[in-house]
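Visitor: Sequence:
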Amino acid sequence: MSTSGRPRLADFSNKKEIGRGGFGVVYEATRTINERKEQVALKRISSRAPLDRIRGEIQAIRLLKHRNIVKVISILMVIYIIYIYTYIYETSNILRQVISAVRYMHRQGVLHRDLSTGNILIYKITSEVAINVKLCDFGLATNLRQGETACTVVGTPGYIAPQVLEQRYDQAADVYSLGGVLFTMLTGNDPPRTNG
Numbered sequence: 001m002s003t004s005g006r007p008r009l010a011d012f013s014n015k016k017e018i019g020r021g022g023f024g025v026v027y028e029a030t031r032t033i034n035e036r037k038e039q040v041a042l043k044r045i046s047s048r049a050p051l052d053r054i055r056g057e058i059q060a061i062r063l064l065k066h067r068n069i070v071k072v073i074s075i076l077m078v079i080y081i082i083y084i085y086t087y088i089y090e091t092s093n094i095l096r097q098v099i100s101a102v103r104y105m106h107r108q109g110v111l112h113r114d115l116s117t118g119n120i121l122i123y124k125i126t127s128e129v130a131i132n133v134k135l136c137d138f139g140l141a142t143n144l145r146q147g148e149t150a151c152t153v154v155g156t157p158g159y160i161a162p163q164v165l166e167q168r169y170d171q172a173a174d175v176y177s178l179g180g181v182l183f184t185m186l187t188g189n190d191p192p193r194t195n196g
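The sequence shown maps to residues 1 to 196 in full-length UniProt numbering.
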């Protein structure tokens, strides 16, 4: 049990896998601080992850401070394994708040490149109609100034813009992915996969 604010891996118990991506695994865990327990998310980044991707995710999440983007509490490094520690949220689909987060992110020069319903989390339900969400998983994010284009094909199938497959895209690719999120909200199904 930790008595200080600085987290250690030993402070996290009851780890249960809740998500998995190309370069990491996300666990729901319990952190005990001064006899108080809190539910948190702990993302373990694989040692297979390219260093520039790890740096990009850390840079993006430290730069972005918005009410609809997941807040990182701390980053731990344990024998060449990096853990990103955040509060725990549940998955949901709330478009207006996500659009606000994406607009802010683009103004800060960050391109998410993996917007999908799996990367939108419920933060707080205050009533049946008042649900707050957070955008998460910046593992594929990159910095992109106005007028620049990205070329790496990344993202979740079905949410990937055609221009991503053509390897020349900008912030419009995230906007296309938002269309996939809206499709899922309206139909309850994932969007059809783009040929490529």
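The hints are simulated quantities; they were obtained by calculation from the structure and are not laboratory data.
Where hints are given, some of them may not hold.
Below, a list of computed lysine to aspartate or glutamate pairs in the EDC-like style, where the Cα atoms sit at most 20 Å apart [to be verified]: (1) 16 to 28; (2) 124 to 166; (3) 71 to 35; (4) 15 to 28; (5) 37 to 11; (6) 124 to 35; (7) 15 to 35; (8) 124 to 38; (9) 15 to 52; (10) 16 to 52; (11) 37 to 52.
Visitor: Taking the hints in turn, state whether each one holds.
Guide: Hints versus structure:
The hinted pair formed by residue 16 and residue 28 meets the criterion: a straight-line CA distance of about 5 Å does not exceed 20 Å. Between the alpha carbons of residue 124 and residue 166 the distance comes to roughly 38 Å, so the proposed pair goes past 20 Å and is violated. This hinted pair does not check out: residue 71 and residue 35 have alpha carbons roughly 23 Å apart, beyond 20 Å. With a C-alpha separation of about 6 Å, the suggested pairing of residue 15 with residue 28 holds against the 20 Å cut-off.
Of the supplied pair hints, the one linking residue 37 and residue 11 holds, its CA atoms being roughly 10 Å apart against a limit of 20 Å. Taking the CA atoms of residue 124 and residue 35, the gap is near 24 Å; set against the 20 Å cutoff, the hint is violated. This hinted pair checks out: residue 15 and residue 35 have alpha carbons roughly 18 Å apart, not beyond 20 Å. Under the criterion of a C-alpha separation no larger than 20 Å, the hint pairing residue 124 with residue 38 is consistent with the structure, at around 15 Å.
As the CA atoms of residue 15 and residue 52 are separated by approximately 27 Å, the hinted pair breaks the 20 Å bound. The straight-line distance between the Cα atoms of residue 16 and residue 52 is roughly 28 Å, outside the 20 Å bound, and the hint therefore fails. Between residue 37 and residue 52, the direct Cα distance comes to roughly 34 Å. Violation of the 20 Å bound is thereby established for this hinted pair.
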